[in-house]
Amino acid sequence: MSTGKIIESGFRILPIQILVVVLLFGLHLLGLVDVLPALIIAAVIGIAFFWMDRRYRIVVNRLTDALKTARSTQRNLAPLRAKIAEGIDAPLLLIDPLRKVLDANRPARTLFGNNLIGRDVSLYVRHPDILEALGKVMQGAPIARLEASLTGAVERIFSISVSRVDNSRHASDSDGESTEPAFYVVISMHDITKMRVAERMRADFVANASHELRTPLSSVIGFIETMNGPAKGDEAAQERFLGIMEEESRRMVRLIDDLLSLSRIELDKHVQPKSSVPLEPILKGVAASLEPTVQKRHMAINILVPDSLEPVQGDADQIHQMLQNLTSNALKYAYEGSTVTLSAQPVDRIPESGQRGIAISITDHGPGIPPEHLPRLTERFYRVDAARSRKLGGTGLGLAIVKHIVSRHRGHLDIRSILGKGTTVTISLPIYQGPREPEDHP
Amino acid sequence: MTDIHTIKSYDDELDQLRAILSEMAGLAEMQLANAVTALMARDIELAEKAIASDKKIDLLEQRAEEKAIEVIARRAPLADDLRELVATIKISNALERIGDYSKNIAKRTTVLVNTLPIRQISVLPEMAQEAQRMITDVLDAFIQRDSTRAIDVWTRDERIDLLYDSLFRELLTYMMEKPQIITACTHLLFIAKNIERAGDQATNIAEIAYYVIEGRPMKDARPKRDDTAFARASKDEQSHPDQQDSAS
Chain A
4 MSTGKIIESG FRILPIQILV VVLLFGLHLL GLVDVLPALI IAAVIGIAFF
54 WMDRRYRIVV NRLTDALKTA RSTQRNLAPL RAKIAEGIDA PLLLIDPLRK
104 VLDANRPART LFGNNLIGRD VSLYVRHPDI LEALGKVMQG APIARLEASL
154 TGAVERIFSI SVSRVDNSRH ASDSDGESTE PAFYVVISMH DITKMRVAER
204 MRADFVANAS HELRTPLSSV IGFIETMNGP AKGDEAAQER FLGIMEEESR
254 RMVRLIDDLL SLSRIELDKH VQPKSSVPLE PILKGVAASL EPTVQKRHMA
304 INILVPDSLE PVQGDADQIH QMLQNLTSNA LKYAYEGSTV TLSAQPVDRI
354 PESGQRGIAI SITDHGPGIP PEHLPRLTER FYRVDAARSR KLGGTGLGLA
404 IVKHIVSRHR GHLDIRSILG KGTTVTISLP IYQGPREPED HP
Chain B
2 MTDIHTIKSY DDELDQLRAI LSEMAGLAEM QLANAVTALM ARDIELAEKA
52 IASDKKIDLL EQRAEEKAIE VIARRAPLAD DLRELVATIK ISNALERIGD
102 YSKNIAKRTT VLVNTLPIRQ ISVLPEMAQE AQRMITDVLD AFIQRDSTRA
152 IDVWTRDERI DLLYDSLFRE LLTYMMEKPQ IITACTHLLF IAKNIERAGD
202 QATNIAEIAY YVIEGRPMKD ARPKRDDTAF ARASKDEQSH PDQQDSAS
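Note that the protein sequences, when read in sequence, are chains A and B. Quick note on our numbering: the first sequence kicks off at 4 and runs consecutively. Quick note on our numbering: the second sequence kicks off at 2 and runs consecutively.
Next comes chain A alone, as it looks inside the complex (with noise of 0.2 Å):
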């Protein structure tokens, strides 16, 4: 307290500039030193120590604003804290003995509602396991943690915890007047819906794959029974029964390439392949490798390509699959008779990264896909018709593998449909930035 009052008062004349002036005064009455270059020596003296107590002074009030302010500082801390409960994006409620909200941070009100505060808690937080753990925690439990989902919306699962906060006021205050409650109750609360989710969709996945994996197989058995027992020696039968199990065989071996190699590309999924791909070959290949379809359903490729196309970044052969992937579902599921046309051309901004690019369309007239289906079509073995799907040999993978090259790409996919007149999806890949040069260069 004292040092801050000594700097307040500020050091209006140093003390060395008047020993300096008595000094050269002494040495001139002792007749060392001439009346004239002693005070202009002085002055000299006296100048230069008054630039540099303007200096040392802007010095010195410079700390005592800071002293100033931690002092301040000192006294909010309070309302700061407070503050910073405000910024924890998880909702925190205080509570006092008699389950009144006296506080809530922002997050908690926009769960709650706005007027929570001094209303009794389980007028807004009604689940039976949190109000059991507050309830234990009232009676004395100093931490008590649970999960719960909330119902709402949508429902949202919370890693909660209830814990004591003693008053340390309320105890020292002795004479019994104190109106502070002896403890507060925090519950805090932890967003953990995405993690839960996360866990049913692998759950999911792993009975989905099953099942998928599964269908073709009992009907392959089903046939080698039927060959072993009532159509034993019907060659007529078995070689039909061959053909179908054949094409069983095929698809669940087409369905173990595209689980592999999606899981392939999930393991690389944060590396940006580097290589420079020019376009033009690829949709050529792509439609090369399509032609018996195109030709099953009297189709055409139609590849429109500006001449100067900048190659892109990325790794050809999972372009190739992907193209191919997308191209083939357009063959497919367009009208009979009906043209697809592949272009491509350069955008100035890839959406979400803003990377200058090239977007690749893939355009069908076809009945299109309604849209509600449109969101989940990416998901793995999200079909809009099973049926239809299974009989065209589909695994319900090639979207979910497409949307993975393109992630892995930095790139874009869009796909919009109108009912009745066809799809078009959209990959937009960024351009070939060339080769990244080391940065100790010779």
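Some clues are possibly wrong.
In silico DSS-like links for lysine-lysine, alpha-carbon gap of 25 Å or less [said to hold, decoys possible]:
| no. | chain 1 | residue 1 | chain 2 | residue 2 |
| --- | --- | --- | --- | --- |
| 1 | A | 424 | A | 406 |
| 2 | B | 91 | B | 57 |
| 3 | A | 335 | A | 406 |
| 4 | A | 277 | A | 406 |
| 5 | A | 103 | B | 68 |
| 6 | B | 50 | A | 139 |
| 7 | A | 86 | A | 103 |
| 8 | A | 139 | B | 57 |
| 9 | B | 50 | B | 194 |
| 10 | B | 56 | B | 108 |
| 11 | B | 108 | B | 194 |
| 12 | B | 220 | B | 91 |
| 13 | A | 139 | B | 56 |
| 14 | B | 57 | A | 103 |
| 15 | B | 194 | B | 56 |
Non-contacting residues of chain A with respect to chain B, defined by C-beta distances greater than 10 Å in every case (computed) [what the hints assert, rightly or not]:
| no. | residue |
| --- | --- |
| 16 | 26 |
| 17 | 58 |
| 18 | 260 |
| 19 | 348 |
If we take Cβ atoms under 8 Å as the criterion, some of the chain A residues that face chain B in the derived model are [said to hold, decoys possible]:
| no. | residue |
| --- | --- |
| 20 | 116 |
| 21 | 122 |
| 22 | 129 |
| 23 | 131 |
In case anyone wonders, no lab produced these hints; they're calculated from the structure. Treat the numbers as computed from the prediction; the structure is a model and nothing was measured. Positions of the beta carbon are idealized from the N, C-alpha and C atoms, including for glycine.
Following the hints, put chain B in place on chain A, whose structure we already have.
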């Protein structure tokens, strides 16, 4: 809140009553969720937990009623206040009834676990979730004095009814295909009906809440819908009273 009383403790007492209702609603929601989860997962322990928790709701209903009567006796409230207190008793009855439905579901589950598993019926959890949401929202509407939300809950009951209709048809086809599962399917039908009734109780609460907040019955303010939907709703309404009487 518009009704600020000169005596602060009166508001406190009303809030305490509302807190009991809120707690009941939480228990009822959880009990319904547990009962249906137990059914889907064939989990007897959870079903028994759901059956046991009904006692807590009954106890709270008693407490709410006693408290309301005590306030009425002591304060002799008039107009708005009396209406609110009567509504509290009615709502607590409705919530207790929802608890009974869940208990019934859980009891049927303990029987169903011993029968052959039927195909996964995903409509049931969906119905239950919708009913849970309705219970939460209607209590929020009542506590936060939000009459539009009450109307919103009221209109959502139609969704549960539609789900119930579709499940009814689905189970009927199963039963025709396989007569051995008729017993199990009948239990499932009753379970679905129970959830549907829980939804009806939530709409009842919505009507009570609306009446308390606005001071007039909801019938005058119901949203205008297209004729078919309205015809369906009014048809359902007529069939509600006898369902509630026969339910236990």
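Quick rundown of the hints versus the structure:
With a C-alpha separation of about 24 Å, the suggested pairing of residue 424 of chain A with residue 406 of chain A holds against the 25 Å cut-off. With a C-alpha separation of about 18 Å, the suggested pair residue 91 of chain B and residue 57 of chain B falls inside the 25 Å cut-off, and the hint holds. For the suggested pair residue 335 of chain A and residue 406 of chain A, the alpha carbons sit about 19 Å apart, so the restraint of at most 25 Å is met. For the given pair, residue 277 of chain A sits about 18 Å from residue 406 of chain A by alpha-carbon distance, which is consistent with the 25 Å threshold.
The straight-line distance between the Cα atoms of residue 103 of chain A and residue 68 of chain B is roughly 19 Å, inside the 25 Å bound, and the hint therefore holds. Between residue 50 of chain B and residue 139 of chain A the alpha-carbon distance is near 20 Å, which keeps this suggested pair within the 25 Å criterion. With a C-alpha separation of about 21 Å, the suggested pairing of residue 86 of chain A with residue 103 of chain A holds against the 25 Å cut-off. Proposed proximity of residue 139 of chain A and residue 57 of chain B is supported: the alpha carbons are some 17 Å apart, at most 25 Å.
With a C-alpha separation of about 21 Å, the suggested pairing of residue 50 of chain B with residue 194 of chain B holds against the 25 Å cut-off. About 14 Å separates the Cα atoms of residue 56 of chain B and residue 108 of chain B, which keeps this hinted pair within 25 Å; it holds. Between residue 108 of chain B and residue 194 of chain B, the direct Cα distance comes to roughly 14 Å. Compliance with the 25 Å bound is thereby established for this hinted pair. In summary, the hint linking residue 220 of chain B to residue 91 of chain B is supported, as the alpha carbons are separated by about 18 Å, within the 25 Å threshold.
This hinted pair checks out: residue 139 of chain A and residue 56 of chain B have alpha carbons roughly 20 Å apart, not beyond 25 Å. Distance restraint check for residue 57 of chain B and residue 103 of chain A: the Cα-Cα separation of roughly 22 Å lies within the 25 Å cut-off, and the hinted pair is therefore satisfied. Restraint check for residue 194 of chain B and residue 56 of chain B: the C-alpha separation of about 22 Å stays at or below 25 Å, so the hint holds. No Cβ of chain B approaches the Cβ of residue 26 of chain A within 10 Å, the least distance being about 78 Å, so the stated non-interface status holds.
Here residue 58 of chain A stays apart from chain B, with its beta-carbon at least about 62 Å from theirs, past the 10 Å limit. Residue 260 of chain A, annotated as away from the interface, keeps every beta carbon of chain B farther than 10 Å; the closest lies near 29 Å. No beta-carbon of chain B is positioned within 10 Å of the beta-carbon of residue 348 of chain A; the least distance is around 44 Å. For residue 116 of chain A, the interface hint holds, since its Cβ comes within 8 Å of a Cβ in chain B; the closest pair sits about 6 Å apart.
Of the supplied interface hints, the one on residue 122 of chain A holds, with its beta-carbon coming within about 6 Å of a beta-carbon of chain B, less than 8 Å. This hint holds: residue 129 of chain A has a C-beta 3 Å from the nearest C-beta of chain B, less than the 8 Å allowed. The interface hint given for residue 131 of chain A is met, as the beta carbon of that residue sits about 5 Å from the closest beta carbon of chain B, less than 8 Å.
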